[in-house]
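Using the sequences and the hints given, assemble the complete structure.
Chains W and B are the protein sequences, given in the same order.
Under the working numbering, think of the first position of the first sequence as 1, with each following residue one higher.
Under the working numbering, think of the first position of the second sequence as 1, with each following residue one higher.
I should point out that these hints are in silico values taken from the structure, not numbers from a laboratory.
For each residue, glycine too, the CB sits at the ideal point set by N, CA and C.
There may be inaccurate statements among the hints.
[To be verified] Far from chain B, by Cβ distances over 10 Å, these chain W residues were calculated:
(1) SER12
(2) ARG22
(3) SER26
(4) SER28
(5) GLY62
(6) SER84
[What the hints assert, rightly or not] Label-pair ranges, simulated between beta-carbon atoms:
(7) GLY62(W) - ARG110(B): 24 to 34 Å
(8) HIS10(B) - SER9(W): 18 to 28 Å
(9) GLU53(B) - PRO79(W): 39 to 49 Å
[What the hints assert, rightly or not] These stretches of chain W come out as covered by chain B in the derived footprint (C-beta under 8 Å, 3 or more residues):
(10) 29 to 41
(11) 103 to 111
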Amino acid sequence: AQSVTQLGSHVSVSEGALVLLRCNYSSSVPPYLFWYVQYPNQGLQLLLKYTTGATLVKGINGFEAEFKKSETSFHLTKPSAHMSDAAEYFCAANLQTGANNLFFGTGTRLTVIP
Amino acid sequence: DSGVTQTPKHLITATGQRVTLRCSPRSGDLSVYWYQQSLDQGLQFLIHYYNGEERAKGNILERFSAQQFPDLHSELNLSSLELGDSALYFCASSVAESGSSPLHFGNGTRLTVT
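See below:
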């Protein structure tokens, strides 16, 4: 079945520490992959996307993600966490050719400890 | 600001009632998507319209319907409301019908069914 899995519904890191949010997908076709961030009482905002080409993609706010086909993963990282990074993060994948139907993971809530 | 406008922001209604949620996409975007976000189900894709035509259906109940008008705004109609329909409903838009175009989300309509 086509799906997007985010490991860890809650992740806590200290301010200044590495942020690593995990995402794996299951698809029979090469997907387009996205990370979105949701702040309280707001809609989702695009952080970054992978379509084709370079497998390491950089996004806003210092985030980046690497597409690893062999591992069917698209983990999100940031070298140094900031208090303002506290939010919910969603991995999403367009798993179907010919349709812009994004499958979302269940989300990971990031807490940054001062 | 994503450029996607959703009204109303909050809606409180009783079981059995019918409500209409409205969405205005970003200028130039032809695709409109509706998503439901709840604590137990996460982000669920409901329906996708492109330039006035339905393109894909997800986990949308028969009690729910949507349409996209010639001016590209969209409405999601929810009828015979049940307590379980309480959720945050997001509209998103994109420029393309399919593929790698990211979605731009509105801030959502929070529906509370009492």
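Each hint, compared with the structure:
The Cβ of SER12(W) lies farther than 10 Å from every Cβ of chain B, with a closest approach of about 20 Å, so its non-interface assignment holds. At roughly 16 Å, the least C-beta separation between ARG22(W) and chain B is larger than 10 Å, which holds for a residue marked as non-interface. At roughly 16 Å, the least C-beta separation between SER26(W) and chain B is larger than 10 Å, which holds for a residue marked as non-interface. Listed as outside the interface, SER28(W) is consistent with that label: its C-beta sits roughly 17 Å from the nearest C-beta of chain B, beyond the 10 Å cut-off.
The Cβ of GLY62(W) sits about 19 Å from the closest Cβ of chain B, beyond the 10 Å cut-off, so the non-interface label holds. No Cβ of chain B comes within 10 Å of the Cβ of SER84(W); the nearest lies about 18 Å off, and the non-interface call holds. For the pair GLY62(W) and ARG110(B), the supplied restraint of 24 to 34 Å holds, since their beta-carbon distance comes to about 31 Å. Evaluation of the 18 to 28 Å hint for HIS10(B) and SER9(W) yields a pass: the beta carbon distance comes to about 26 Å.
Taking the beta carbon of each, GLU53(B) and PRO79(W) are about 45 Å apart, inside 39 to 49 Å as hinted. Coverage of the segment 29 to 41 of chain W by chain B holds in this model, with 4 residues showing a Cβ closer than 8 Å to a Cβ of that chain against a need of three. Under a criterion of three residues with beta carbons nearer than 8 Å to beta carbons of chain B, the stated coverage of the segment 103 to 111 of chain W is upheld, 5 such residues being counted.
In terms of the numbered hints stated before, the structure departs from none.
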